[in-house]
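Novice: Chain by chain, the residues:
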Amino acid sequence: MREKIVTKDPGEGIFPHVTAMAAILIILLSGSIFFVVLSGAMPALKKFKLSFIFSTIWDPVLDIYGAAPAIYGTAVSSFLALLIAAPLGVGTAIFLTELAPGWLRKPVSYMVELLAAVPSVVFGLWGLLVLAPWLRKGVGLFLDEKFGFIPLFRGPFLGVGMLTGTLVLTIMILPTVTAISREVMLTVPLDQREGMFALGATRWEVIRKVILPGSKVGIVGALLLGLGRAMGEAMAVTMVIGNTFIISPSLLSPAQTLSSLIVSEFPEAYGMQLSALMLLGLILFAITLAINIIALIMVNRSAARLKAGKELVPVQISMPYGEGALVLVKKKNLSKME
Amino acid sequence: MENSVKIVTEKLNLYYGNFQALKEVNLEVCSGKVTALIGPSGCGKSTFLRSLNRLNDLIDSVRVEGEVRIDGENIYDKSCDVVRLRKKVGMVFQKANPFPKSIYENVAYGPRIHGVRDKKVLDRIVEKSLREAALWEEVKDNLSRSALRLSGGQQQRLCIARVLAVEPEVVLMDEPTSALDPIATQKIEDLIRALKQKFTIVIVTHNMQQAARVSDITAFFLNGEIVEVGNTGLLFTQPVDQRTEDYITGKFG
Amino acid sequence: MLKRKTYRKWNSRIAEAICTVFSFIAVLALVIIVYYVFQRGFQVISWSFFTSLPAPVGQTGGGIGNAIVGSLVMVSLGTLCSVPIGMAAAIYLYENPYSRLALVTRFANKVLTGIPTLIIGLYIYILIVLRIGSYSALAGSISLAVVMLPIITLSAEEMLRLVPESWRDASLALGATRRQTIMRVVLPASAGGLTVGVMLAVATAAGQTAPVLLTALSSRFWLASLGQPSASLPVLIYTYAVSPFTDWQNQAWGAALSLIIFIFILNISAQVFIALRQRR
Chain P
0 MREKIVTKDP GEGIFPHVTA MAAILIILLS GSIFFVVLSG AMPALKKFKL
50 SFIFSTIWDP VLDIYGAAPA IYGTAVSSFL ALLIAAPLGV GTAIFLTELA
100 PGWLRKPVSY MVELLAAVPS VVFGLWGLLV LAPWLRKGVG LFLDEKFGFI
150 PLFRGPFLGV GMLTGTLVLT IMILPTVTAI SREVMLTVPL DQREGMFALG
200 ATRWEVIRKV ILPGSKVGIV GALLLGLGRA MGEAMAVTMV IGNTFIISPS
250 LLSPAQTLSS LIVSEFPEAY GMQLSALMLL GLILFAITLA INIIALIMVN
300 RSAARLKAGK ELVPVQISMP YGEGALVLVK KKNLSKME
Chain F
0 MENSVKIVTE KLNLYYGNFQ ALKEVNLEVC SGKVTALIGP SGCGKSTFLR
50 SLNRLNDLID SVRVEGEVRI DGENIYDKSC DVVRLRKKVG MVFQKANPFP
100 KSIYENVAYG PRIHGVRDKK VLDRIVEKSL REAALWEEVK DNLSRSALRL
150 SGGQQQRLCI ARVLAVEPEV VLMDEPTSAL DPIATQKIED LIRALKQKFT
200 IVIVTHNMQQ AARVSDITAF FLNGEIVEVG NTGLLFTQPV DQRTEDYITG
250 KFG
Chain C
0 MLKRKTYRKW NSRIAEAICT VFSFIAVLAL VIIVYYVFQR GFQVISWSFF
50 TSLPAPVGQT GGGIGNAIVG SLVMVSLGTL CSVPIGMAAA IYLYENPYSR
100 LALVTRFANK VLTGIPTLII GLYIYILIVL RIGSYSALAG SISLAVVMLP
150 IITLSAEEML RLVPESWRDA SLALGATRRQ TIMRVVLPAS AGGLTVGVML
200 AVATAAGQTA PVLLTALSSR FWLASLGQPS ASLPVLIYTY AVSPFTDWQN
250 QAWGAALSLI IFIFILNISA QVFIALRQRR
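Protein chains in written order, with numbering that gives the first Met the number 0: chain P, 0 to 337; chain F, 0 to 252; chain C, 0 to 279.
Treat the hints with caution; some may be incorrect.
[Stated by the list, open to error] Capping the alpha-carbon separation at 25 Å, the derived lysine-lysine pairs in DSS-like fashion look like this:
1) P:Lys208 / C:Lys4
2) F:Lys22 / F:Lys77
3) P:Lys215 / C:Lys2
4) F:Lys139 / F:Lys32
5) F:Lys119 / F:Lys87
6) F:Lys87 / F:Lys77
7) F:Lys94 / F:Lys119
8) F:Lys94 / F:Lys10
9) C:Lys8 / P:Lys208
10) F:Lys32 / F:Lys197
11) F:Lys127 / F:Lys139
12) P:Lys208 / C:Lys2
Simulated from the structure, these hints should not be mistaken for lab results.
None of these values were measured; they are calculated from a predicted model.
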């Protein structure tokens, strides 16, 4: 039931309309992005149709374009990054919620979150000028010499390439995976842990039998959000992946991703090439959107028991205001109990 | 002040979605008197109070049927101006809720939104309201202090001053002392007795002694209905309805 | 029996140790990256580095003054655009939490946060750069505004919700309108939290590279008008880092240091503010 307002306050009449318009603007914005990018991609879509996805040719001279190596690069680099970041991130989250002494939890989780604030281009800079040379002289050389007969490690390694891209991506999605897993684990009811401890379980048994099962859905959501971030990540990858349009089984080989191809060619592109880049963007958009929506649903479902009305939002934004502090205080009692 | 009928509710029904919170409530409230609403929690007395200044409108699922006439005007009529209604019918809440502003700004808030700009006029209103709320002597040297640093009882009296500053005719009080200690409660009750000369007061309380101490008329609510209304002295000594007797003798609730 | 207990204990110890090492690695990653940025960056920065234009291609020296100005201008303009809209939308969500429009808006907002910023760059490129016919600082600002908008809306709604409902009730019961209640009670009461949200959004915008590259491109000159391409710190870091010149690569470290200090100051002060408020 809405009250009817008859009043002298001049702003009141339009106030609800102005705020509603801002809300509508957000809807229009997010709704129109797909169609606007689609409109840009239309010429390429009409020309290449479905073959765009499977073709391995990217030739601005002949004006023929395909996306397969870029899709391959995006998929491989993101999944590999997730494969490394998952144990690291979840392990860190377990450390931060269950193992670390009380005084250490806040500073460490804050440092991990600060990692998320480092701009992507700075990761790229470090990856290109520090990590890549180091990998080339160290691990890469070693792998190539000793295991070069396996296609996975076939050189020559230039420093930049799939391996470097994957490692940089791993570092970049680590804060996402850690912060969200941590929040989800904090929602596991305290009494469940206490019950297990009372039965004489070790810490690890409590983690494995109570904490992890209780936050499984949320952790999978966190991993998916990390995956989404890895796939959408542009700058750092562009700087360290080598930007070579090939599909190679080797980790040491340079490669290309959807976003790195867009970033590296966009400023000089025109005509059909530009349209093809837009089509790459559209594919990227569709993939990340699907992943993000599934992830959000999973994280939210897991967070639903937290508190009615408080939803979990990805990474930085919600973390500083989260319920973390409150729960941490309670958990001091937990370590006393042991 | 003569004791005329100020508020009349007629067949007032109120629903939260499918749940009916008020059933055919008929009540007359006289000016110059304190009317107390008692009853067990969840009986609808607070809901009833909030329907007198249409504060229930804030809840989307609420639906109201029937009439509430204040000075003969149905406040649920389409032409009723909610802002004017709420200026006329002030409300004091269960938990003291001063704004996170200075003492002065809390009291001046009402007049300001109703268009008073003149600093001198505001000063006068603030002083007058704080005096009426018996708080002036305690805070007059610290008007710019944050209201949140007052004690609980002082905060509640500040909230009363804030209501008085918009010069209401009716003051609704929703268990105003339930969070206060006995001394602070005493002060508020003294204040209520002093204020009834000028204002029509409706107070919700689940403390029957309080109702007996401060009110002239008492209405007993049960399950969204008024079971019995009458002169406070009579209602507490010779209740007509068996349920009223059960309640005031502590058999339930 | 005893043996089994020892086994379980050691099993737990090992697993705990692995988790501890993992978090050590995560922190180490931050420390190493920040260390390199500071170590390499400090060798480059000087007063003239911040105030002068890049040297002509082929010459060494020069500075990043125009990139700093470009970034400041675009981030400020982006903030100016996104804050009022984000606040207004948050107020709508606060006032009508369960309306259909609110539910759709919240969903759209979440979708918006998840869209890679590169795609936002493409979007603004088609909408604005192609229309105007030129890369411009204005297009860059708008793309940053789109990046910031969902962050601001999301945090602002959360902040408004933290304001006790009793204050809103008190204000309305005094005869204030909804607008007056929002403007005079709810917004002032949540001002601190709202500022924190904006600071985090600004920090995010300041580090954006792809959307700026696709809309404002870059420039080696001072920003003369909003209709022209503009330099910016992140794009400068990118172009210098991938360039073959050592001098440029060194300057990229200097620019990265400036950017990181700006972003960390915003983040850390936001964190300090929250900590202070929680204590109160």
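Novice: Straight-line Cα separation of Lys139 (chain F) and Lys32 (chain F) no greater than 25 Å?
Specialist: Given pair Lys139 (chain F), Lys32 (chain F) is violated - Cα atoms ~30 Å apart, limit 25 Å.
Novice: Please work out if Lys22 (chain F) and Lys77 (chain F) have their alpha carbons no farther apart than 25 Å.
Specialist: holds, 22 Å
Novice: Holds or violated: Lys215 (chain P) and Lys2 (chain C), Cα atoms, limit 25 Å.
Specialist: violated, 32 Å
Novice: Given the proposed pairing of Lys208 (chain P) with Lys2 (chain C), does the C-alpha separation stay at or below 25 Å?
Specialist: Roughly 22 Å between the alpha carbons, so the hint for Lys208 (chain P) and Lys2 (chain C) holds.
Novice: Going straight from one Cα to the other, do Lys208 (chain P) and Lys4 (chain C) come out at no more than 25 Å?
Specialist: Holds, at roughly 17 Å.
Novice: Would you check the hint for Lys8 (chain C) and Lys208 (chain P), treating anything up to 25 Å between C-alpha atoms as holding?
Specialist: Answer holds: Lys8 (chain C) to Lys208 (chain P) is near 15 Å, not above 25 Å.
Novice: Does Lys87 (chain F) lie within 25 Å of Lys119 (chain F) when you go C-alpha to C-alpha?
Specialist: Satisfied, since the Cα-Cα distance of roughly 23 Å is no more than 25 Å.
Novice: Could you grab the alpha-carbon distance between Lys94 (chain F) and Lys10 (chain F) and see if it respects the 25 Å cut-off?
Specialist: violated, 30 Å
Novice: Would you mind confirming whether the straight-line C-alpha gap from Lys87 (chain F) to Lys77 (chain F) stays at or under 25 Å?
Specialist: The given pair, whose Cα atoms are some 18 Å apart, holds under the 25 Å limit.
Novice: Could you grab the alpha-carbon distance between Lys32 (chain F) and Lys197 (chain F) and see if it respects the 25 Å cut-off?
Specialist: Roughly 9 Å between the alpha carbons, so the hint for Lys32 (chain F) and Lys197 (chain F) holds.
Novice: For the pair we were handed, Lys127 (chain F) and Lys139 (chain F), check the Cα-Cα distance against 25 Å.
Specialist: Roughly 11 Å between the alpha carbons, so the hint for Lys127 (chain F) and Lys139 (chain F) holds.
Novice: Taking 25 Å as the top limit, are the C-alpha atoms of Lys94 (chain F) and Lys119 (chain F) close enough?
Specialist: violated, 31 Å
In this structure, the earlier hints numbered 3, 4, 7, 8 are contradicted, and the remaining ones agree with it.
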